[in-house]
Amino acid sequence: MNDIPTDEELVARARLGDERAFALLVERYEPAVAATVIGMLGPGDDADDVGQETFIRFHRAIHDFRGDASLKTYLVHIAMNLSLNALKRRKRSLLRFVRGEDDDHPLEVPETRPGPDARVESLETRARVRRAVMQLPEHHRAVIVLRMFNGCSTRETAELLGVPEGTVLSRLSRAMKELEKKLS
Amino acid sequence: MIDLEDDRFGDGALARSLRNAAPHRFADGFVERVAARLRAQHSRVPSFDEVLQRQFLRIIPLAAAASLILGLYSWWGGRAISSSLIDAALRLPAVTIANAYTTDELFVMLGGSD
Chain A
1 MNDIPTDEEL VARARLGDER AFALLVERYE PAVAATVIGM LGPGDDADDV GQETFIRFHR
61 AIHDFRGDAS LKTYLVHIAM NLSLNALKRR KRSLLRFVRG EDDDHPLEVP ETRPGPDARV
121 ESLETRARVR RAVMQLPEHH RAVIVLRMFN GCSTRETAEL LGVPEGTVLS RLSRAMKELE
181 KKLS
Chain B
1 MIDLEDDRFG DGALARSLRN AAPHRFADGF VERVAARLRA QHSRVPSFDE VLQRQFLRII
61 PLAAAASLIL GLYSWWGGRA ISSSLIDAAL RLPAVTIANA YTTDELFVML GGSD
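Residue numbers (our numbering), protein chains in the order written: chain A, 1 to 184; chain B, 1 to 114.
Next comes chain A alone, as it looks inside the complex (with noise of 0.2 angstroms):
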């Protein structure tokens, strides 16, 4: 028999106050939430706190979540637009310094900290292969977090950016394209 409880049974509990039930949905989605995050934002404190930032904002709405989504799409949705607004604001902040910086780049790229999952490959290859990522233009770099990082699908990132499928499957190539450049 099953004993893992669905994500309806613990969004169920979750609602009506079962804290154990909420914090083994955020153990679920830590993965996906922490790939949107940090592969935007790039791993520190202010990834740390628009990660647990998505999570208050899924608990402050449990109750309209009606599941026509599903939850891992609901949340990296709202990763994501956290960590757009997250870049926005860092943007800013910098440019109040910094003149004359090219908008669609951001302008420090932090280094790398390896996470508790480094076991596959080298933590050297990791660590360059996320600090190309951040090198990215945002937009191109919303559309590897999603399709590589999240492995969500064409349509479902085409969906969460709000742009047609098209342009995520031109933005995925000329993504790729940098990478292999910056990479070799």
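To be clear, the hints were calculated from the coordinates, so they are not data collected in a lab.
Quick caveat, the model's predicted, so the values are computed rather than measured.
Beta carbons are placed, not taken as given, at the ideal position from N, Cα and C, and that holds for glycine.
Treat the hints with care, as some may be off.
Unchecked claim - Some residues of chain A that are not near chain B, with every Cβ distance over 10 angstroms (derived):
no., residue
1, Val11
2, Arg13
3, Ala61
4, Ala69
5, Asn81
6, Gly162
Unchecked claim - Here are a few chain A residues that face chain B, going by a calculated C-beta distance under 7 angstroms:
no., residue
7, Glu27
8, Glu30
9, Ile38
10, Gly51
11, Arg57
12, His59
13, Val129
Stated by the list, open to error - Covered stretches of chain B, going by a simulated chain A footprint (3 or more residues, C-beta under 8 angstroms):
no., segment
14, 17-24
15, 30-39
Model the placement of chain B on the given structure of chain A, informed by the hints.
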């Protein structure tokens, strides 16, 4: 035509590297930090502005319904003496040059004269 389900990017070495490089966790204790923030929010006393805003949002539907009922009531009673829908809803009598110089209409409205 673009094949929208084209997955030519999904199988290469670069795609594999990207999938492997995906971050999977925040710093240790993330679940506890979320729980602590939720508890802090629940125990926080709402500010006066927030309470006022909440009460205001509760009152809006009642106020709108009361205005609608009063408007309909006025329109029903005043449709004979008013020239337009708005005038009737506000119980304003039709204004003409003749009745502008007489107080009869006013007495009729106030019920003071037949």
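Verification of the hints:
1. Val11: Non-interface label on A/Val11 holds, nearest chain B Cβ at 15 angstroms vs cutoff 10 angstroms.
2. Arg13: 15 angstroms, holds
3. Ala61: 13 angstroms, holds
4. Ala69: 19 angstroms, holds
5. Asn81: Correct as stated: the minimum Cβ-Cβ distance to chain B is 18 angstroms, above 10 angstroms.
6. Gly162: 16 angstroms, holds
7. Glu27: 5 angstroms, holds
8. Glu30: At 6 angstroms from the nearest chain B Cβ, A/Glu30 passes the 7 angstroms test, so the hint holds.
9. Ile38: Holds: closest Cβ of chain B sits about 4 angstroms from A/Ile38, inside 7 angstroms.
10. Gly51: Constraint on A/Gly51 satisfied, holds at 5 angstroms.
11. Arg57: At about 11 angstroms, which exceeds the 7 angstroms cut-off, the nearest Cβ of chain B leaves the hint on A/Arg57 violated.
12. His59: OK, holds: A/His59 within 7 angstroms of chain B, min 6 angstroms.
13. Val129: The hint holds - A/Val129 has a Cβ within 7 angstroms of chain B, the shortest such distance being about 4 angstroms.
14. 17-24: holds (count 8)
15. 30-39: holds (count 7)
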